[in-house]
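Trainee: Dock chain B against the given chain A, drawing on the hints supplied.
Protein chains: 2
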Amino acid sequence: MKWLNGFVRDEIKGLQSYEVPDITCRVKLDAHENPYSLPGFVQEKIEQACSWFAFNRYPDPNAHILRKNLSIKLSVSPDMIMMGNGSDELILYLLLCFGPKRVIFPLPTFAMYDILARVTLSTAIGIPLDDGFEIDEEKIIDEAQKEPSIIFLSYPNNPTGNCFSRKRIERIISQTDALVVLDEAYYEFSQETFLPLVYECERIVVLRTFSKAFGLAGLRVGYMIAQPQVINEVRKVKLPYNLNAFSQVAASLSIENAPLFLPIVQGIMDEQKRIADALGTICNIKVYPSKANFILFKIAENICAKDVFNSLINEGILIRYLGDVPGLNNCLRVTIGTHEENNEFLQAIEKIMGKEEEGRGRK
Amino acid sequence: MKWLNGFVRDEIKGLQSYEVPDITCRVKLDAHENPYSLPGFVQEKIEQACSWFAFNRYPDPNAHILRKNLSIKLSVSPDMIMMGNGSDELILYLLLCFGPKRVIFPLPTFAMYDILARVTLSTAIGIPLDDGFEIDEEKIIDEAQKEPSIIFLSYPNNPTGNCFSRKRIERIISQTDALVVLDEAYYEFSQETFLPLVYECERIVVLRTFSKAFGLAGLRVGYMIAQPQVINEVRKVKLPYNLNAFSQVAASLSIENAPLFLPIVQGIMDEQKRIADALGTICNIKVYPSKANFILFKIAENICAKDVFNSLINEGILIRYLGDVPGLNNCLRVTIGTHEENNEFLQAIEKIMGKEEEGRGRK
Numbered sequence: 001m002k003w004l005n006g007f008v009r010d011e012i013k014g015l016q017s018y019e020v021p022d023i024t025c026r027v028k029l030d031a032h033e034n035p036y037s038l039p040g041f042v043q044e045k046i047e048q049a050c051s052w053f054a055f056n057r058y059p060d061p062n063a064h065i066l067r068k069n070l071s072i073k074l075s076v077s078p079d080m081i082m083m084g085n086g087s088d089e090l091i092l093y094l095l096l097c098f099g100p101k102r103v104i105f106p107l108p109t110f111a112m113y114d115i116l117a118r119v120t121l122s123t124a125i126g127i128p129l130d131d132g133f134e135i136d137e138e139k140i141i142d143e144a145q146k147e148p149s150i151i152f153l154s155y156p157n158n159p160t161g162n163c164f165s166r167k168r169i170e171r172i173i174s175q176t177d178a179l180v181v182l183d184e185a186y187y188e189f190s191q192e193t194f195l196p197l198v199y200e201c202e203r204i205v206v207l208r209t210f211s212k213a214f215g216l217a218g219l220r221v222g223y224m225i226a227q228p229q230v231i232n233e234v235r236k237v238k239l240p241y242n243l244n245a246f247s248q249v250a251a252s253l254s255i256e257n258a259p260l261f262l263p264i265v266q267g268i269m270d271e272q273k274r275i276a277d278a279l280g281t282i283c284n285i286k287v288y289p290s291k292a293n294f295i296l297f298k299i300a301e302n303i304c305a306k307d308v309f310n311s312l313i314n315e316g317i318l319i320r321y322l323g324d325v326p327g328l329n330n331c332l333r334v335t336i337g338t339h340e341e342n343n344e345f346l347q348a349i350e351k352i353m354g355k356e357e358e359g360r361g362r363k
Numbered sequence: 001m002k003w004l005n006g007f008v009r010d011e012i013k014g015l016q017s018y019e020v021p022d023i024t025c026r027v028k029l030d031a032h033e034n035p036y037s038l039p040g041f042v043q044e045k046i047e048q049a050c051s052w053f054a055f056n057r058y059p060d061p062n063a064h065i066l067r068k069n070l071s072i073k074l075s076v077s078p079d080m081i082m083m084g085n086g087s088d089e090l091i092l093y094l095l096l097c098f099g100p101k102r103v104i105f106p107l108p109t110f111a112m113y114d115i116l117a118r119v120t121l122s123t124a125i126g127i128p129l130d131d132g133f134e135i136d137e138e139k140i141i142d143e144a145q146k147e148p149s150i151i152f153l154s155y156p157n158n159p160t161g162n163c164f165s166r167k168r169i170e171r172i173i174s175q176t177d178a179l180v181v182l183d184e185a186y187y188e189f190s191q192e193t194f195l196p197l198v199y200e201c202e203r204i205v206v207l208r209t210f211s212k213a214f215g216l217a218g219l220r221v222g223y224m225i226a227q228p229q230v231i232n233e234v235r236k237v238k239l240p241y242n243l244n245a246f247s248q249v250a251a252s253l254s255i256e257n258a259p260l261f262l263p264i265v266q267g268i269m270d271e272q273k274r275i276a277d278a279l280g281t282i283c284n285i286k287v288y289p290s291k292a293n294f295i296l297f298k299i300a301e302n303i304c305a306k307d308v309f310n311s312l313i314n315e316g317i318l319i320r321y322l323g324d325v326p327g328l329n330n331c332l333r334v335t336i337g338t339h340e341e342n343n344e345f346l347q348a349i350e351k352i353m354g355k356e357e358e359g360r361g362r363k
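Chains as they are written, first to last, in this note's numbering: chain A, 1 to 363; chain B, 1 to 363.
The set of hints was computed from the structure by calculation and includes no laboratory data.
Heads up, some of the hints might be wrong.
If several chains are the same, the list does not tell them apart, and a pair holds so long as it fits within one copy or across any two.
As the list claims (entries may be wrong) - Using 20 Å as the maximum straight-line C-alpha spacing, the simulated SDA-like pairs for lysine to any residue come out as follows:
(1) Lys13 <-> Pro100
(2) Lys298 <-> Asn257
(3) Lys146 <-> Gly126
(4) Lys2 <-> Gln229
(5) Lys68 <-> Thr24
(6) Lys139 <-> Arg26
(7) Lys286 <-> Arg235
(8) Lys146 <-> Gly359
(9) Lys306 <-> Gly323
(10) Lys146 <-> Arg171
Excised from the complex, chain A in its bound form (with noise of 0.2 Å):
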């Protein structure tokens, strides 16, 4: 142990590694997983590659095939596009190549930017997110005209759901000469998108996943969109076979039948606006706009939001416990469903919030 103590460096030492927590429910609606099966027709195509696929040769490195479909679909050539083992991989060689460097993002956010400047030895900048949620764009560009620096913007925002003021983002990218990641993991939902400045700005990443809309979180399957020289550079650090075979089959054969895909994100999302609508009605919770597949709510300061959290679980329902993330006190995070999910979710939690109710007009 003294050996171990004295290789491993601080900043290592003091890291908390990124824990998701063991909870098994029969309702899961923590993690932003699109609550449906693929396509019939894609589920099928995919079982049927199961049989011909030569599980014994590597990978393409180069995932061209899946890289071809979704530069059809994306109208970038393909050149642009760079795929990763999920996008925190993604994040990851952006820091390794570009890094190290100040690292900028709004406060509290996707905790992976954090972790990962971190992990690879970057100075770590959160900013707080105003109480609207909306970034505080001053001070991110007077941060980033110090030193060089990269910025991580999550569009919608993750946890908070909103998208950031377009105005307030493209002034940060103006006004400094920063890189500026724009991680757009739910971007089939919010439908905004900062892709065709890609063309105009060297200094743009756009992030996206298959791991939401597509459903296909357990293969892990991100990608990222810049100028090909940006491409060319990260592609150094990038480990040759990081996409396994089996996602890019999987992935290629998603992206090619996207239109399946539409009435699926639909239906999520006239979920979510009636989620959003019947949690409005609740006393005591307060729900904050959301773009995305998730709804950020938070519950009146007299009512621990802790405790609803783990009634709900008695229930059957995880969903997410965010009060002890700086500037989300007594808040939670629910993810969209399936109809009937969704319908217990918000049984139980009237349930749960009518309870509480009573059990303080009682005392």
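Mentor: Relative to chain A, chain B alone:
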């Protein structure tokens, strides 16, 4: 372009990405792949898994079932095992967790130690092997004693095929304070391992993979065995969902049915011996002894190995040209294929070498 040039650090600018040559041949003997498809029973189980598999759910970040199955097979505790998206990823994690440090490895060896050391800001120190491809343990100890170091030893070594002297490696372990990583990617072929030493010394890490003997190169599954406190540190730099769920299922089914792979491994090593013997009888070829599923051989100086390599491609056979690697002048490497593929290779190289000999006779 000017911005990019100033934004990327020099170390990355000078780096070559690890490119896999994009040559398609009928007979593929270049990448240490297992030439056989999976045992029928395992293949069937994996195909069945495809129908119940929840593509839309994130993988188990800690791969509990797979690690449990591995722990039974290896007789080590599950908390001594960490899974990787191929062992490449685990090499990167070790360097991210314990680097930047001096990273020492023999030359020639697996290219990723060098590349990933540079990517992670470590100092890469290659120590040439001697003429018999044995490590220079004095020099390695010397370098490792200067400052805290990480030593990578491929065992057996890729691309030379030999296992380094056990005594020399043990001296390196006992006379330095370095972290010693034994990359046993070809263990199932060599049957030689340092695994028992992991219990005795927290500075030893063993890497293994499902890509070779287990024929799952396409699914990218590697693992690392080390003392729990070492694993705990490395977990801090691990991407939460690094191993996709489908690969977890397939690797788990493979390790559960490990005995079914034994005749495959035995068959490959029988073929390895046959090809080594046959190559040895061909004029102007020197064969190096191998404990892995590939053979390194040298073409006599008066014949150009690159020409032999290209002539083989013309016959539809892809092997690996290594003549541009320092220390491997005029060398080629062939991966063991199926019996038929090996026959094709032997016939083709006999013909090519005969022609070369004849050509020289005429001059």
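Trainee: Next step is simple, just say for each hint if it's right about the structure.
Mentor: Hint by hint, here is what the structure shows:
1. Lys13 <-> Pro100: Both, since 19 Å and 14 Å are each at most 20 Å.
2. Lys298 <-> Asn257: neither (38 Å within a copy, 50 Å between copies)
3. Lys146 <-> Gly126: For Lys146 and Gly126, only the intra-copy Cα distance (15 Å) is at most 20 Å; the inter-copy one is 38 Å.
4. Lys2 <-> Gln229: Answer is between: at 11 Å across copies they meet the 20 Å cutoff, but 45 Å inside does not.
5. Lys68 <-> Thr24: between (38 Å within a copy, 19 Å between copies)
6. Lys139 <-> Arg26: neither (43 Å within a copy, 59 Å between copies)
7. Lys286 <-> Arg235: neither (45 Å within a copy, 37 Å between copies)
8. Lys146 <-> Gly359: Classified as neither; 53 Å inside a copy, 68 Å across copies.
9. Lys306 <-> Gly323: This pair counts as within: shortest intra-copy Cα distance 7 Å, inter-copy 64 Å.
10. Lys146 <-> Arg171: For Lys146 and Arg171, the Cα distance is within 20 Å only inside one copy (16 Å; across copies 50 Å).
When each numbered hint is compared with the structure, violations occur for hints 2, 6, 7 and 8.
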